[in-house]
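Trainee: In order, the protein sequence lines correspond to chains A and D. Under numbering that gives the first Met the number 0, think of the first position of the first sequence as 0, with each following residue one higher. Under numbering that gives the first Met the number 0, think of the first position of the second sequence as 0, with each following residue one higher.
Just so you know, these hints were derived from the structure itself, not from any lab. Note that the coordinates shown come from a computational prediction; the quantities given were computed from them, not determined experimentally. Yeah, the Cβ is synthetic: ideal placement off N, Cα and C, and Gly gets one too. Do not rely on the hints blindly, as some may be mistaken.
What the hints assert, rightly or not - List time: in silico DSS-like cross-link candidates among lysine-lysine, alpha-carbon distance up to 25 Å:
#: 1; chain 1: A; residue 1: 229; chain 2: A; residue 2: 193
#: 2; chain 1: D; residue 1: 194; chain 2: A; residue 2: 192
#: 3; chain 1: D; residue 1: 126; chain 2: A; residue 2: 125
#: 4; chain 1: D; residue 1: 194; chain 2: A; residue 2: 193
#: 5; chain 1: A; residue 1: 370; chain 2: A; residue 2: 417
#: 6; chain 1: D; residue 1: 401; chain 2: D; residue 2: 372
#: 7; chain 1: A; residue 1: 372; chain 2: A; residue 2: 401
#: 8; chain 1: A; residue 1: 426; chain 2: A; residue 2: 194
#: 9; chain 1: D; residue 1: 426; chain 2: D; residue 2: 401
#: 10; chain 1: D; residue 1: 256; chain 2: A; residue 2: 370
#: 11; chain 1: D; residue 1: 192; chain 2: A; residue 2: 194
#: 12; chain 1: A; residue 1: 426; chain 2: A; residue 2: 401
#: 13; chain 1: D; residue 1: 229; chain 2: D; residue 2: 256
#: 14; chain 1: A; residue 1: 192; chain 2: D; residue 2: 285
#: 15; chain 1: A; residue 1: 125; chain 2: D; residue 2: 194
#: 16; chain 1: A; residue 1: 126; chain 2: D; residue 2: 126
#: 17; chain 1: A; residue 1: 285; chain 2: D; residue 2: 12
#: 18; chain 1: A; residue 1: 193; chain 2: D; residue 2: 192
#: 19; chain 1: D; residue 1: 285; chain 2: A; residue 2: 12
#: 20; chain 1: A; residue 1: 229; chain 2: A; residue 2: 192
#: 21; chain 1: D; residue 1: 192; chain 2: A; residue 2: 12
#: 22; chain 1: D; residue 1: 372; chain 2: A; residue 2: 126
To be verified - Chain D regions said to be covered by chain A (calculated; three or more residues, Cβ under 8 Å):
#: 23; stretch: 122-134
#: 24; stretch: 138-151
#: 25; stretch: 201-210
#: 26; stretch: 333-340
#: 27; stretch: 343-352
#: 28; stretch: 374-386
#: 29; stretch: 417-426
Unchecked claim - To give a feel for the contact side, a few chain D residues facing chain A, derived at Cβ under 8 Å:
#: 30; residue: 79
#: 31; residue: 80
#: 32; residue: 213
#: 33; residue: 217
#: 34; residue: 221
#: 35; residue: 257
#: 36; residue: 315
#: 37; residue: 366
2 protein chains.
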Amino acid sequence: MTELAISLDMHSKTPLYEQIYDYIREEIRRRQILPGERLPSSRALSSYLQVSRSTVDLAYEQLVSEGYVESVPYRGYFACEMEELYHIDGMTPARQTVSEEEKPAWRWDFAVSGIALGGFPYNPWKKISREVLNDASPELFRLGDPQGEPGLREAIANYLHHARGVSCTPSQIIVGAGNDYLLMLLTVIFGEKKKIAMENPTYRSAFRCFQSLGHEICPVPMDDAGMERKALEASGAQIAYVMPAHQFPVGTVMPMKRRLSLLAWAAREEGRYLLEDDYDSEFRYKGKPIPALQGFDNAGRVIYLGTFSRAIAPSIRVSYMVLPERLMPLYRQRGRNFSATVSRTDQKILEVFLRDGYFERHLNRMRALYKTKHDLLLRRLRTFQGVCTVSGEHAGVHVLLKLTNGMTGEQAVALAAKAGIRVYGMKEYYIGESQARDDTVLLGYAAMPEEEIPQACEELLKAWTV
Amino acid sequence: MTELAISLDMHSKTPLYEQIYDYIREEIRRRQILPGERLPSSRALSSYLQVSRSTVDLAYEQLVSEGYVESVPYRGYFACEMEELYHIDGMTPARQTVSEEEKPAWRWDFAVSGIALGGFPYNPWKKISREVLNDASPELFRLGDPQGEPGLREAIANYLHHARGVSCTPSQIIVGAGNDYLLMLLTVIFGEKKKIAMENPTYRSAFRCFQSLGHEICPVPMDDAGMERKALEASGAQIAYVMPAHQFPVGTVMPMKRRLSLLAWAAREEGRYLLEDDYDSEFRYKGKPIPALQGFDNAGRVIYLGTFSRAIAPSIRVSYMVLPERLMPLYRQRGRNFSATVSRTDQKILEVFLRDGYFERHLNRMRALYKTKHDLLLRRLRTFQGVCTVSGEHAGVHVLLKLTNGMTGEQAVALAAKAGIRVYGMKEYYIGESQARDDTVLLGYAAMPEEEIPQACEELLKAWTV
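So here's chain A without its partners, still in its complex pose (with noise of 0.2 Å):
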C-alpha cells in the first residue's frame, strides 16, 4: 500500500476532503503514484491521517469522478492509466490587459459613420428600462421567439409602414443583433454562397462581411441614378446590394425610374434578390423621404435592411430585416434553429420605445440637430469656392466635396490630416483597383459639436490653400 504524506493543514479554509484530494491529485500527475498502483482503503487513511471516514470517502469519490481513480469493487482505489502524459500547467492565466487601439490625436475628426453622441435618449430609455424591470413577469427571462419578440415586430412593422412605405406583416420581421449579424443569418437561409453586386464605391462593412461569409462580390458602376442596370445584367450576379434612399457613400438617391428597372431585374430570374439596405433613411433634409423600394415590390424580390444604430445608437445593437415571403420556408427551415440574438428585456424597452411615440419624437429632435449642423457646414463650406464643390447635401449626415483644385483625394486627406482633422478619401470606398478620378473627400458633420465647425472648417480650408 502507498504511504501518502499528505500534512493537513488544520486551520486552511481549504475544506480536509480538498486537501486530500489536491495532495493525491498531485502524487498522481507527477507520477509519484504510478497508474494500477493501489491506494489505502478510505479505513486506513481515515486513521492514518485522524479525520473522519466520511471526509477520506468524499476525497476519493472526487477523485473517482475525475477519473484519476478507479474504484474496483471488493478490492480498493486503484490509481488510473493515462494514456498519453500531459504536462499539466499550474493553470495560472496569463493576466494580460487587452491593450486599447491605438488613437492618433485629432483635433477634429469628420467621422462619416459617427452619430451625435450627446443625442441619446437617455431619460426616455433610462424611464422606460427601469418600468420594464419592475413588471417583468418571469416569463420575460424565459427564451423568446428567434425570430424577435412580437410585439416588437408589430411596433416595427408598424413604423414601417408609416415612415417607410414598407409593405409588410409582423411575420415576415427578423429581429437581430446589428446588420452584419442579419448577412450571416441570411446566408445561412441561403444555405449557398451567392454572386453579390455591389455599388462601386459602396458600403466597406458590409462588403467585408459579404466577403467573409464567402460570397463572391461582383462590383458594378453606378451613374447618376446609382447601381446600372446593364453592368449589373452583365456581372451575373443573384443578388444586387443597393441603399436606394442615400447610397453610401456618393449619397444618390435612386429616381423611381432605376427602382423599377432594378425591380425588373429581381423578378426575371428566380433566385434573384435585391437587398435593400435602408440604413439612414430616417434624415432628410428636402422634401419628403421617399418610400422604401421594398414597397414597389410585387414580386416579392426585395430583402429589406433595417437599423436603429444611426437612428438611436450604434451600440444598442438592434436592426431588423424584411423577408419577402418567398423566402419565409426557408428561414423557417433553416434561419429559426438560431435563437434570437436580442435580449428580451432589450427588445420590450425598444417596443415602448416606438410604440408610445418616444421614437418619433427622438428622430425629430435629431433631425434639427442634424440640420442645424449641416446648414452650419454649407455655409462655411461656401468659402471653399475654388478649392472644391459640394454635393450630397440632402439626405444623410455627410456630405462631398469634390476638388476642383487639381489636389487629389489623397493629398486633400494628407493635408487636412497634418492639420489634425480627419477627412475621407473616397478612394477608401472603392473595390478593387477604380478607374475612377480620386478626387474626392468625404466629411460628416453628425458627431462633430456645433460650436466646432467653423474653427475646423477656417482650419480645412488654410491646410488646402497652402
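Got chain A; can you put chain D on it based on the hints?
Mentor: Relative to the frame of chain A, chain D by itself:
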C-alpha cells in the same frame, strides 16, 4: 400642356406641396399623364392653383428626386418613362397578428431546458442598470469592440480561471449573443464546412445549428465515460463537440482519462478541434466542480463555449467562446469584420455583476435553490422502486429515469401526458435511427415550483403504475 385638375384642400393637415405632389404622382402611376408628356411650368401651375411658386417648386423637386418627373433645362418638366409598369398597392400593410404558439395545457412540465424563473437577480440587475445608465458617458453609445468590451472579457477570464480552471487571456474571449450565434461565427472563422462528431444522444439545438450551417454531422456512440475514442477516430471528424462537465442528456461527467484521450486525438492531426460546451457546469451537488477540459489543453485544440443562459437567464443572450491562440489570426481575418452582438450597456451591466461579486452570490443562491428541489425530487423518486431507477443526479438540473417495469420511454411519456404531466423521452435526443433501447425518460426540475414536486411525482407514479 397637360391640364391638372388638382383640387387642393386648404384646411387639410397635408401640406399643399404634398397634395400637388400626390396628385401628379398618382396621375403618372395610373398613366393619366403619359411618359414624355410635358407638365405645366411651376409659374403656370402656381398661378392656376393660386398657391405660391415655391409650393409648386417643392412638389416638383420631390417628383424629380423620386424619378417620376424629369427636369429639362430651358424646356420644363416632363413625366418619366417607367420601364415596366408596376401595380403599386395602396401600401396598406396586412395587419396580421403574430399567432401565439399553441401551448397544450400541461399541469406540470418537467422541462429539461428550464430555469427557475423567479431566480432572476432583479434587484442587483435593476440597481446596476440604473447606475450604468446614470454614469454612461457618450462613449458608451458608440460601436464597441467586435470581440466584446475589454472590461467584460477581463471579468469573464477571471471567472473562468477561478471557477472553471480555464486558462486564457481576455484577448482570446469573444462575447456573442448566444451559443447559436457563436457557432455561426465559428463557421465563418473556419471558412468551410466541417465534419463534426457529436455524442449520440446529444444536445438537439446544437445539432440543428450545425446542420443549418451546412456541416456534416458524425454521430459517435458513448460509453460510460463519454464519447468513444475509437468511434471518434473512425468517424473521420475534424471537430468533436463534447460536454465533459455534464453531458446532455445522459449526464455523464467525463473522467480525466477520457479527457486526455480526446485531447490526444485532437493534437494528433492539424485542423482537429474539441468544441467544449460547458453549458451548465455551475450546478453540481457533490464534490467540487471538475475543471474544464480547456485547462488541460497544451496543444491549443480546445474551443471553449460558455453561457449565462443557465446561470442568469436564457433571455439575456450573452455567451462567450474562448479560442485557442492558433485560431486568433483567422478570427482577426474573418470574424472581426462582424460587429459585436451584445449591447454595450448590457455588457457593462454584466461586467459589474461579475466583478463586484453579485454573480457569485447569485450562483450560490441558485445552487441552494436547485439543491432543495433536487433533494426533494430524489426523495420522492425513491417511491418509484420497481418502476424505474434514477441516474445523472449529481449535476445539472435534470435526472434520468431508466424504466424497469417493461414500459418503453415513449409509453411512459404518453401515459404521463394523459395525466397532464410533461416528461421527455430520451429517444428525442438521438441523431438518426438509434440502436439504443427506448427505456429512459428525462425529468428537469429547475423550473418546477418546489411545493408542487411532491404531488407531481405522486401523480406521475400513479400514471405509470396503472
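Trainee: Please go over all the hints and tell whether each is borne out by the structure.
Mentor: Comparing the hints with the structure gives:
With a C-alpha separation of about 19 Å, the suggested pair residue 229 (chain A) and residue 193 (chain A) falls inside the 25 Å cut-off, and the hint holds. Using a Cα cut-off of 25 Å, the hinted pair residue 194 (chain D) and residue 192 (chain A) holds, with the two alpha carbons roughly 19 Å apart. Distance hint between residue 126 (chain D) and residue 125 (chain A) is fulfilled; the C-alpha atoms sit about 12 Å from each other, no more than 25 Å. Straight-line distance between C-alpha atoms of residue 194 (chain D) and residue 193 (chain A) comes to about 23 Å, which keeps the hinted pair within the 25 Å bound.
Between the alpha carbons of residue 370 (chain A) and residue 417 (chain A) the distance comes to roughly 29 Å, so the proposed pair goes past 25 Å and is violated. A C-alpha spacing of about 20 Å is found between residue 401 (chain D) and residue 372 (chain D), which places the hinted pair at or below 25 Å, so the restraint holds. Annotation: proposed proximity of residue 372 (chain A) to residue 401 (chain A) holds, straight-line Cα distance about 20 Å (limit 25 Å). With a C-alpha separation of about 23 Å, the suggested pair residue 426 (chain A) and residue 194 (chain A) falls inside the 25 Å cut-off, and the hint holds.
Under the criterion of a C-alpha separation no larger than 25 Å, the hint pairing residue 426 (chain D) with residue 401 (chain D) is consistent with the structure, at around 12 Å. Annotation: proposed proximity of residue 256 (chain D) to residue 370 (chain A) is violated, straight-line Cα distance about 68 Å (limit 25 Å). Taking the CA atoms of residue 192 (chain D) and residue 194 (chain A), the gap is near 19 Å; set against the 25 Å cutoff, the hint holds. For a cut-off of 25 Å, the pair hint linking residue 426 (chain A) to residue 401 (chain A) stands: about 12 Å separates their Cα positions.
Between residue 229 (chain D) and residue 256 (chain D) the CA atoms are separated by roughly 14 Å; this keeps the pair inside 25 Å, and the hint holds. Annotation: proposed proximity of residue 192 (chain A) to residue 285 (chain D) is violated, straight-line Cα distance about 49 Å (limit 25 Å). Taking the CA atoms of residue 125 (chain A) and residue 194 (chain D), the gap is near 47 Å; set against the 25 Å cutoff, the hint is violated. With a C-alpha separation of about 13 Å, the suggested pairing of residue 126 (chain A) with residue 126 (chain D) holds against the 25 Å cut-off.
Restraint check for residue 285 (chain A) and residue 12 (chain D): satisfied, since their Cα atoms lie roughly 19 Å apart, inside the 25 Å limit. At most 25 Å may separate the alpha-carbon atoms for a hinted pair to count; residue 193 (chain A) and residue 192 (chain D) meet this at roughly 16 Å. Between residue 285 (chain D) and residue 12 (chain A) the alpha-carbon distance is near 19 Å, which keeps this suggested pair within the 25 Å criterion. At roughly 23 Å between alpha-carbon atoms, residue 229 (chain A) and residue 192 (chain A) fall within 25 Å of each other, so this suggested pair holds.
At most 25 Å may separate the alpha-carbon atoms for a hinted pair to count; residue 192 (chain D) and residue 12 (chain A) exceed this at roughly 49 Å. Straight-line distance between C-alpha atoms of residue 372 (chain D) and residue 126 (chain A) comes to about 37 Å, which puts the hinted pair past the 25 Å bound. Coverage of the stretch 122-134 of chain D by chain A holds in this model, with 6 residues showing a Cβ closer than 8 Å to a Cβ of that chain against a need of three. With a cut-off of 8 Å between beta carbons, the stretch 138-151 of chain D has 7 residues touching chain A; three or more are needed, and the interface restraint holds.
Coverage of a stretch by a chain is defined here by at least three residues with a beta carbon nearer than 8 Å to that chain's beta carbons; for the stretch 201-210 of chain D and chain A the count is 4, and the condition holds. Proximity of the stretch 333-340 of chain D to chain A, defined as three or more residues with a beta carbon under 8 Å from a beta carbon of that chain, is established by the 7 residues found. Under a criterion of three residues with beta carbons nearer than 8 Å to beta carbons of chain A, the stated coverage of the stretch 343-352 of chain D is upheld, 3 such residues being counted. Three residues within the 8 Å Cβ limit are the bar, and the stretch 374-386 of chain D against chain A gives 0, so the coverage statement is violated.
For the stretch 417-426 of chain D, the assignment as covered by chain A is violated, since 0 residues bring a beta-carbon within under 8 Å of that chain's beta-carbons and 3 are needed. Contact between residue 79 (chain D) and chain A, as hinted, is supported at the beta carbon level, the nearest pair being about 5 Å apart and thus within 8 Å. For residue 80 (chain D), the interface hint holds, since its Cβ comes within 8 Å of a Cβ in chain A; the closest pair sits about 7 Å apart. Taking 8 Å as the C-beta cut-off, the interface hint given for residue 213 (chain D) holds, the closest approach to chain A being about 7 Å.
Annotation: residue 217 (chain D) was flagged as interfacial toward chain A, and the flag is violated, the nearest CB pair being 19 Å apart, outside 8 Å. About 15 Å separates the beta-carbon of residue 221 (chain D) from the nearest beta-carbon of chain A, more than 8 Å, and the hint is not met. A cut of 8 Å between beta carbons decides the hint on residue 257 (chain D): the least distance to chain A is about 7 Å, and the hint holds. Evaluation of the residue 315 (chain D) hint against chain A yields a held restraint, the C-beta minimum of about 5 Å falling below 8 Å.
Interface hint status for residue 366 (chain D): violated, as the beta-carbon distance to the closest one in chain A is roughly 16 Å, over 8 Å.
Violation of the numbered hints given earlier is confined to hints 5, 10, 14, 15, 21, 22, 28, 29, 33, 34 and 37; the remaining hints are satisfied by the structure.
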